[in-house]
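Novice: Please construct the entire structure, taking both the sequences and the accompanying hints into account.
These protein sequence lines map, in sequence, to chains A and B. As numbered in the working numbering, residues 37 to 446 make up the first sequence, in order. As numbered in the working numbering, residues 1049 to 1667 make up the second sequence, in order.
Among the hints, a few may not be true.
Said to hold, decoys possible - Derived pair list, reagent style DSSO-like, types lysine-lysine, alpha-carbon separation capped at 30 Å:
1. B/Lys1151 x A/Lys41
2. A/Lys294 x B/Lys1205
3. B/Lys1161 x A/Lys41
What the hints assert, rightly or not - Which residues of chain B face chain A? A few of them, derived with a C-beta cut under 7 Å, are:
4. Phe1084
5. Glu1155
6. Ile1164
7. Met1467
As the list claims (entries may be wrong) - Restraint-style ranges between C-beta atoms, simulated for each label pair:
8. B/Ser1433 x A/Gln244: 49 to 59 Å
9. A/Glu298 x B/Gln1595: 46 to 56 Å
10. B/Glu1136 x A/Gly286: 40 to 50 Å
11. A/Met299 x B/Asp1165: 29 to 39 Å
12. A/Gly44 x B/Glu1136: 26 to 36 Å
13. A/Ser275 x B/Gln1595: 39 to 49 Å
14. B/Arg1072 x A/Leu425: 55 to 65 Å
15. B/Ser1572 x A/Gly381: 51 to 61 Å
16. B/Gly1343 x A/Gln244: 33 to 43 Å
17. B/Ser1433 x A/Ser103: 37 to 47 Å
18. A/Ser103 x B/Gly1343: 31 to 41 Å
Quick caveat, the hints were computed from the structure, so don't treat them as lab data. Even glycine gets a Cβ: it sits at the ideal position worked out from N, Cα and C.
Each chain, written out:
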Amino acid sequence: MVRLKAEGMEYTGILMPHHEFSHPDVIIIKLKSGYNAGIKVDERSELTLVSKAQERPLKRKSAKEDSSLPTISFLGTGGTIASYVDYRTGAVHPALKAEDLVATVPELSEICRMRSKVVFSIFSENMNVETWQSLATAVADELNDGVEGVIVPHGTDTLGFTSAALSLMLGDIPRSVILVGAQRSSDRPSSDSYINLLSAARFCVKAQAAEVFVLMHGETSDSYVHVHRGTKVRKMHTSRRDAFHSVNEGPVARMDLKGELEMLGECQVKRPVKVSPDVRMEKNVALLHFYPGMGPEMVRRVMQDQRGLVVAGTGLGHVSREIVQVIKEQVSQGKPVVMTSQCLGGRVNLNVYDTGRDLLSAGVISGEDMLPETALIKLMWVLGRTDSLEQVERMMSENLRGEIAKRREL
Amino acid sequence: MFEVTIGIEIHQQLDTCKLFCSCRSQLVDEEGTLFFRRLRPTQSEMGEVDRAVLAQAERRMHFAYQAPSTVSCLVEKDEEPPHDADEEAMQTVLTVSAMLNSKVMDEVHFMRKIVIDGSNTSGFQRTALVAVDGALEVNGHSIGILSVCLEEDAARKVETKDREVTYRLDRLGIPLIEIATAPDMHDPEEVKEVAQRLGSILRSTRKVKRGLGTIREDLNVSIPGGARVEIKGAQDLGLLPTYVKNEMERQRSLIEIKQILEKRSASPVLIETKDISALLQASRSKVIHSALSKGGKVFCASLPSFVGTLRSADGRLRLGSEMAQHARSRGVAGIFHSDELPAYGITSEEVASIRKFLELGDMDAFALCADQADRAQPALLSALSRANQALIGVPEETRDPLPDGTSLYSRPLPGAGRMYPETDVRPILIEQDRLLRIKENLPELPEARTLRLVQDYGINEQQSRQLVREGHDELFEDICKDVSLVAVAARTFLSTYPEMQNEGVDPGSLDDVKVKEAFSALTSGRFTKEALPAVFREMVKGASVDQAVSSLGLGAMDHDEASKMIDELIGQRAEFVKEKGMGAVGPLMGVAMKELRGKIDGKEAADLLKKRVETFLKG
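Specialist: Here you go:
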């Protein structure tokens, strides 16, 4: 609590941390009414301490355990999904322990026993090969320890990349791994995190499925969630709750708020296998989004220190004549090039037009109906295991974890 | 000591875009798409989360939203972060702050005020403190201005059904200026004057909405020995003094009840209920019979020493009705209490048997409630808690204003600490230069405006003051661009409007566009000025100008038609006219005007009649 005298006015309140976009000379005080006010200060202003804040012990309710319930493991990565806000300062803290999670979603304790671990705490745009590797290892350990499922609360921006990486690195798994995000942070009464987390726990327990999935809202209403295959899912909106869509196939399942589950697509079923994760990955793989007029020199420079390239081409999988030439050069140097489509929907087909046929002759690998990001992750993973162009082509064309569908329905 | 202390909070909608998006701020009839949400109290706000409390909260927190596409976007649906605060709205609040001589914050920070009744899709209302410490002069009395805030209006409740509330998103996000006065008023009538004065200052910016529901007032009323009670959301300015007077009366009677109970050494009643369904199995009371026949129960509870306080013989003490309001907030139709029984089909024998069952003495009262068990019991318990508050005095609470000038319990007063920073909206630095420019270009103050209207339009000062105070000045000036309309416009706003109000019709429901249409129809000769009040009365009922003209049988008549009609009239009364000569003009005028009113001008009709009678007599 401080008292600030500036320009003949006096304000008493709690001194707040400086806001990133605040003017450098502004001090923010939380007044008794609860409002924050920004007061400009100069050398004549006086700030006096009235009293010091008292450390408020966090009240934690110990999670009551029902030993007849299956155990689910929660692996934190630092998304805002399971966080809580300090109403005094407005700061958002991540929920680090199972107890915090119970406090956020107390209904979880009726579905499962919980154990939790924070693998790392970063914004999802800062994920990289190393974080995927350590996450995959942690998930594998939990699954091998016999938990009923692993739930990974995760920032939404790169959720699809991580789910694709986990799908490939983990290989065959005995039970489900669910990545869950929230489009409205959980410090808000309207947050979607609660329904998403609760549904994820229910899905782990109820569904016979054993794959890596992404679970998010199915529509703007708080009515049902969709479960998407980890290799087929993409964030398609910057802010809506139902931002995530399965591309080139429907969602695998749908679950309503009461936990009523409807399986909509095929998937691997639970079975007793030991997880042996293969986390090897080649980091130096690029993903380029082709655009008209794209300079071949730029692509050549980019490719100087890359070992592989995924292109999001136009339409059925096309690039300009100049870029075809660059691709040809790359392939001849032993660097695989995989073609996907920036249309996202539909399959690449290089037989229809001249450009496609030229690309095939140049040695490009068809990415089939894979998402460009999934193709990138897959190429990294494949190059982590082999250098042989022949083998790369064979593995890229083979459906390993549901990333390639043979048929697409209307 | 003052008899009463009153502060007001005024909420005025701005006529700009919505505060945090580019949607029009307008209410519409369109329902738009429907979607459903739930809101949860967040963990920190509730402290320890109690499973039962949460479950209870959960049941009530299902909300349906109608999203009309023309006036709502992803921002109102809580599907997109807020945009920067609307510049025009901010400029208007700064202007009003300057007019109220208040100190503007150097940097304005938007906050989230937690509201989980569903009226905000996000679960909070965005609000910012813009200025503090101003003052307003009203009748030589200085009224302090505590704060000027800029906030977003809530969604509009359109339906409450069972446990689901439906809101429409048209109103959500409309900018509101909130002005809170200090508790500096001590006279119910003064409240109205202060509100009117604030209203005319707000209107002088020409950026505020007008019409019903665009300005809402909260009254904070307390009397010595009473407590602060907030009457929230009054829309009818004329009723403000009545709300205050009724609240003073209510608080006085509660203080009296407290004294009575003290004198009787009443102790708190036990918060427990007894099931007396068996006792009233054969009751002929409709309420009880209907509850029991649907598998419900009758619960009752004793109120030792409360006799006569639930409803005194003179009807002044009415703790029973306070208790019933609390019970109703739990979803029952009401309660019965012993001060009003036997009645409502409950016989004196039944009353006696209840008293015997509860082992009540002469000074003891009881209350009962009949409904489904899961409603009746909690409702009666909450009524009992209210009864116990009577021992302490007047409880602090929020009340809803009713159109008859009374108010109903709505909820306890909210605490202050429900706010945290809105991190999605950047703080807004208010430069001194900007404030200086605003101060140099303040809109015309109400006094200056009053004087100017006198000068410009030749109306008298009292007329001018009334136009400004009641907010007709802007429209008046608009209409009086055609100077021939000054007299008729003044008459419309200063006498037709009050007459209509006295008749119970609200001219405020006519928007400016409609009023202007009526005047332009008048100018183009569709009817005469005598017919204007009738036209307005039709239009208030929902008619367009054209419909009003045709249903009133107006439709201006040309000179020839009128002559023809008058000639027919003279012909029918030929004998009378011959006998009276020019003396017939007077009596005939009345008959003629019955046909001609509104169709041709009165003076013109008189001249014409005279001329035609002359012609007739000349033969």
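Novice: Each hint: holds or not?
Specialist: For each hint, the structure was consulted:
1. For a cut-off of 30 Å, the pair hint linking B/Lys1151 to A/Lys41 stands: about 14 Å separates their Cα positions.
2. Among the hinted pairs, A/Lys294 with B/Lys1205 is consistent with the structure: their alpha-carbon atoms are about 27 Å apart, no more than 30 Å.
3. Using a Cα cut-off of 30 Å, the hinted pair B/Lys1161 and A/Lys41 holds, with the two alpha carbons roughly 27 Å apart.
4. Restraint check, B/Phe1084 versus chain A: the minimum CB separation of about 4 Å is within 7 Å; hint holds.
5. Using the Cβ-Cβ criterion of 7 Å, the hint placing B/Glu1155 at the interface with chain A is satisfied: the shortest such distance is roughly 2 Å.
6. The interface hint given for B/Ile1164 holds, since its Cβ lies 5 Å from the closest Cβ of chain A, which is under the 7 Å cut-off.
7. For the restraint placing B/Met1467 at the interface with chain A, the shortest Cβ-Cβ distance is roughly 4 Å, inside the 7 Å limit, so the hint holds.
8. Checking the proposed 49 to 59 Å range against B/Ser1433 and A/Gln244 shows it holds: the Cβ atoms sit about 51 Å from each other.
9. In this structure, A/Glu298 and B/Gln1595 meet the distance hint of 46 to 56 Å, their C-beta atoms being roughly 54 Å apart.
10. For B/Glu1136 and A/Gly286, the hinted distance range of 40 to 50 Å is satisfied, since their beta carbons lie about 46 Å from each other.
11. Taken as a hint, the range 29 to 39 Å holds for the pair A/Met299 and B/Asp1165, whose Cβ atoms sit roughly 38 Å apart.
12. Checked against the hint of 26 to 36 Å, the pair A/Gly44 and B/Glu1136 passes, with Cβ atoms roughly 30 Å apart.
13. For the hinted restraint 39 to 49 Å between A/Ser275 and B/Gln1595, the CB-CB distance of approximately 46 Å keeps it satisfied.
14. Separation of B/Arg1072 from A/Leu425 is about 60 Å and conforms to the stated range, judged on CB atoms against 55 to 65 Å.
15. With their beta carbons about 60 Å apart, B/Ser1572 and A/Gly381 fall inside the hinted range of 51 to 61 Å.
16. Judged by the Cβ atoms, the range 33 to 43 Å given for B/Gly1343 and A/Gln244 holds: they are separated by roughly 42 Å.
17. The given range of 37 to 47 Å is respected by B/Ser1433 and A/Ser103, whose C-beta atoms sit roughly 40 Å from each other.
18. With their beta carbons about 39 Å apart, A/Ser103 and B/Gly1343 fall inside the hinted range of 31 to 41 Å.
Violated hints are absent here; each numbered hint is respected by the structure.
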